[in-house]
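Trainee: Residue numbers (the numbering used here), protein chains in the order written: chain A, 1 to 318; chain R, 1 to 371; chain B, 1 to 319.
Any given hint might turn out to be false.
[As the list claims (entries may be wrong)] In silico DSS-like pairs for lysine-lysine, Cα to Cα no more than 27 Å straight-line: (1) LYS123/A x LYS23/B; (2) LYS74/R x LYS28/R; (3) LYS203/R x LYS28/R; (4) LYS28/R x LYS116/R; (5) LYS74/R x LYS32/A; (6) LYS253/A x LYS101/B.
[As the list claims (entries may be wrong)] Covered by chain R, per the in silico footprint, the following chain B stretches (three or more residues, Cβ under 8 Å): (7) 209-215; (8) 244-255.
These are computed hints drawn from the structure, not numbers from a lab.
In this text, a Cβ means the ideal position worked out from N, Cα and C, and glycines have one as well.
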Amino acid sequence: MSTVATSQIKLTPEHARPRASVRSRLQDALPKLVLAPSFAITIVFVYGFILWTIYLSFTNSKTFPSYVISGSRAYQRLWGWTFDTDPPSSWYTSITNMGIFGFLYILICLALGLFLAILLDQKIRGEGVLRPIYLYPMALSFIVTGVAWKWFLDPGLGLEQTLHQWGWTSFHFDWIKNKDFVIYTVVIAGVWQASGFIMAMFLAGLRGIDGEIMKAAQIDGATTFQLYRRIVIPLLRPIFLSAFIVLAHLAIKSYDLVVALTSGGPGGSAWLPSNFMYEYTFKRNEMAVGSASAVIMLMTIVAIIVPYLYSELREKPR
Amino acid sequence: MAFLEIDGLRKRFGQIEILKGIDVELEKGGFLVLVGPSGCGKSTLLNTIAGLETITSGEIRIDGRAVNDLHPSKRDIAMVFQSYALYPNMTVAGNISFGMEMRGVPADERQKAIDKVAKVLQIGHLLQRKPSQLSGGQRQRVAMGRALVRDPKLFLFDEPLSNLDAKLRVDMRIEIKRLHATTGTTIVYVTHDQIEAMTLATKIAVMRDGEVQQFGTPAEIYNNPSNLFVADFMGSPAMNLIPATVATSGNALSVVLQREAREPISLPMANAPAGLSAFQGKPIIFGVRPESLTDPEGAERNASNIATADLHIEVVEPAGSDTFAVTNLGGKGVVARLRADANIQPGTSTPLAFNLTKAVFFDPATENRIR
Amino acid sequence: MSTVATPARPTASRQASGGMNVKLVNRIVIYGLLALFALFYLMPLFVMLVTSFKTMDEIQNGNMLSLPKAPTFDPWLKAWGETCVGLTCAGIKGYFWNSIKMVVPAVIISTLLGALNGYVLTKWRFRGATLVFGLMLFACFIPFQSVLLPMATILGSVGRFGVTLQNSIGTSLGLGNSTVNLVFVHVVYGIGFTTLFFRNYYEAFPTELVKAAQVDGASFFQIFRRIMLPNSMPIFVVTVIYQFTNIWNDFLFASAYAGTGDSMPMTVALNNVVNTSTGVVEYNVNMAAAMIAALPTLLVYVLAGRYFVRGLMAGAVKG
């Protein structure tokens with residue numbers, strides 16, 4: 001800890017005495033000058049742009065940005081659409097899809113990731129082969145993932161067709177073309193892509209557990225099941241949190257997968273808010289509504305991430 | 001004028017004052033040890049001398065020149081770090097000559113300087129190795145070599161031996177002392193190990209909570225601690241600090257120590273310090289080092305004031321060169337240091353001699369020495 | 001030592017008394033499950049790969065999972081050089097190079113900036129350094145939809161300025177060029193991650209080395225170049241791989257700022273190939289195109305999987 005404090009080298013304002021030359025003052029400022037461009041870029045292009053988007057969401061921008069404030073009309077429209085279920089509005093579809101997708105995606109990834117990690121942690125021969133197999137989808141782009149699963153789930157070409165050929169002619173699986181079920185295919189492809197990574201996180205967590213704690217629990221007579229339920233899984237709590245953050249943030253940002261896998265689904269039935277935003281902003285010339293939906297997405301992320309980052313970065317008590 | 005002078009040095013970090021007005025000076029060729037428990041500010045003080053940390057107020061002068069605003073490399077100092085801080089990507093030779101390279105010294109001169117230092121420290125065969133290929137002791141030597149090669153006015157050592165095992169630590173301690181004796185350099189040395197402080201220093205500054213508790217020669221610090229903290233911190237095993245009361249018998253003062261389940265011991269004070277008379281009937285802390293509480297045969301022959309008392313021995317610790325006996329006085333465990341072959345049994349009563357010329361007294365309220 | 005070994009003995013004997021059969025069945029179940037999941041993860045890639053080597057005939061009449069009877073490389077050649085992306089039919093090779101031209105500078109610039117930022121934030125700390133880092137870190141997590149539109153507006157203005165420059169001095173200085181735009185965008189929204197990686201790495205980097213170099217008289221940049229950089233190889237590999245994968249795989253920025261014309265990156269082009277509705281859908285060519293789009297990142301994953309995972313973890317678990 002003291003190394004952090006003692007590294008306050010020559011930067012405290014007290015140092016700027018009259019005797020210090022201009023040149024040495026410049027030297028003192030150098031680290032800040034080096035950091036400044038990155039920080040300025042972040043301030044302008046992240047925080048400035050966020051404010052800009054918020055501003056736009058309160059205007060009546062259509063095809064082109066307009067800077068005439070017109071109140072919360074965009075939000076009122078979104079609010080109205082939230083309950084517009086018959087026929088469902090695109091916004092209603094997007095946010096219900098977000099709920100279904102977010103919930104299932106996070107839950108299944110966590111469960112599958114933990115399950116696979118525990119299985120792999122049983123001193124498995126060939127772990128070195130299996131682990132990369134579980135994890136490689138994370139290296140693929142969502143577009144490639146989408147293309148692969150689109151083919152695999154296509155009723156005329158993929159799984160259904162194959163099983164028909166094998167003689168199971170009654171098998172029927174057309175979710176990808178069904179407006180009520182298309183979002184679940186997004187869940188399948190999303191889980192396929194991310195669960196291996198979650199597995200790797202849990203596996204790293206399992207390997208980090210003090211072996212002596214496990215030995216002590218065995219001596220106390222815990223069965224393998226009890227060992228995991230009572231000792232190991234509670235110890236993995238921080239990993240659950242990290243994994244949840246990663247997954248929640250991936251889920252809210254998901255855009256590409258829906259486009260590549262379903263092209264938005266029949267009648268936009270696979271849209272997530274990110275797709276809604278893109279379509280309304282760039283294709284339907286409803287820039288203010290698009291901006292408002294982006295602001296709502298951002299607020300959701302803020303609610304999840306800010307407390308997390310705050311607790312991670314808070315000055316640790318000495 | 002002393003060679004290194006530190007005047008009223010203060011360092012504040014936010015609301016916390018880390019150094020609270022340090023005044024220390026060191027003559028040319030001296031060896032100053034800053035010693036104290038962790039968090040006392042000794043490493044911070046060393047870093048401010050090096051220029052690696054800024055100060056809030058005060059002044060640091062090296063050889064008469066104020067260095068407050070000088071960059072570390074301009075202060076004519078060299079530093080040996082606790083972790084040795086050898087650059088892992090450079091060879092030993094590269095490590096030693098990096099500073100010269102930064103100063104633009106030509107390659108052939110650098111080579112000469114490297115060779116000279118390598119000879120002094122006997123690391124010639126290591127010059128082309130990387131730090132990761134060296135043992136702890138070898139790294140220590142290289143770190144010293146890097147400092148030596150600069151031939152600076154002032155050497156700074158930041159706990160250089162704390163990462164070595166016990167035996168190597170003793171060897172390197174002797175090596176550093178020899179180096180100091182042969183080169184006559186001026187050294188400031190930080191440690192938390194009071195034995196290193198005693199063995200190496202010509203001057204010791206005992207620090208606590210950002211303040212110098214006592215500044216003096218090792219003998220002064222050991223024999224005349226100025227307060228309870230210094231008395232307790234310096235010396236191993238630590239000085240016995242026994243709660244006692246002062247009584248008068250005739251016109252002489254005596255110190256009364258409570259024993260468990262027996263009548264108290266009264267030790268007559270023939271040469272009590274003048275201040276002690278003010279404490280008649282009041283509690284004091286009576287300090288006596290373990291070697292001044294010993295078997296009567298082992299007691300110092302020419303000490304002028306020796307008192308003997310029967311003490312109940314609770315534990316006996318034979319340590320090879322000595323035997324330590326633990327008894328109980330004033331409600332505290334008290335350690336006596338006996339000859340190795342002293343015939344003593346736990347659970348028995350044995351006469352032990354107090355060397356009262358070496359005894360010291362403290363005011364329990366202020367924790368200061370009663371003089 | 002012996003006291004440690006003794007209490008462990010009861011467990012060992014109990015496991016032995018559990019019998020070989022139970023243990024064996026357990027192992028079979030575990031391995032069976034693991035193999036099943038391996039199939040689940042491999043299946044789409046396998047299907048994609050075999051399909052890309054089949055003729056259209058075989059695809060329409062054969063089984064998705066069967067190996068190609070007469071493997072042909074034609075779909076790959078067609079995808080690379082002939083297939084239609086939108087209305088242009090010159091294959092995806094141009095778009096592949098677009099992606100390379102975008103990824104390489106973006107990765108280099110963002111990684112170097114991240115290294116410098118991490119160095120300042122750990123070894124030259126100043127009041128407010130944590131806040132600065134926190135603000136940069138949060139930028140990693142924002143949904144990019146919330147900056148998409150302003151960035152489009154700015155890039156549009158810059159593009160118009162580029163045209164003016166082109167007309168008056170004969171060169172646009174790269175302003176308005178889609179690839180340059182994407183490099184800029186990826187640097188801007190990538191430095192949060194690269195800074196995070198280097199900050200966490202340098203946080204554990206011994207500060208005493210920096211102090212020693214200061215005493216040796218090395219300057220701010222000399223310390224960075226001579227002391228920090230030579231000892232940063234692992235985190236460089238991690239960062240480069242992470243940035244490479246992310247930028248190569250990006251679709252949102254690519255489609256928003258380079259969604260049409262010749263400057264599309266690979267991901268956008270692939271999506272266009274697959275969704276081109278004119279004529280017969282050539283699945284084998286589509287799959288070959290998808291494989292080509294996936295190859296660079298898969299290659300990186302195969303060659304340096306360890307660093308890839310470490311990067312993902314570093315991105316997930318803050319310091």
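Trainee: Confirm or reject each hint.
Mentor: How the hints compare with the structure:
Proximity of LYS123/A to LYS23/B is assessed by CA-CA distance (about 13 Å); at most 27 Å being required, the pair is judged to hold. Between LYS74/R and LYS28/R the CA atoms are separated by roughly 19 Å; this keeps the pair inside 27 Å, and the hint holds. For the hint linking LYS203/R to LYS28/R, the alpha-carbon distance of about 12 Å falls within 27 Å, and the restraint holds. As the CA atoms of LYS28/R and LYS116/R are separated by approximately 24 Å, the hinted pair is consistent with the 27 Å bound.
Taking the CA atoms of LYS74/R and LYS32/A, the gap is near 23 Å; set against the 27 Å cutoff, the hint holds. For the hint linking LYS253/A to LYS101/B, the alpha-carbon distance of about 26 Å falls within 27 Å, and the restraint holds. Counting residues of the segment 209-215 of chain B whose beta-carbon sits less than 8 Å from any beta-carbon of chain R gives 6, enough to reach three: the coverage restraint holds. Counting residues of the segment 244-255 of chain B whose CB lies closer than 8 Å to any CB of chain R gives 0, so the stated coverage by that chain is violated, three being the minimum.
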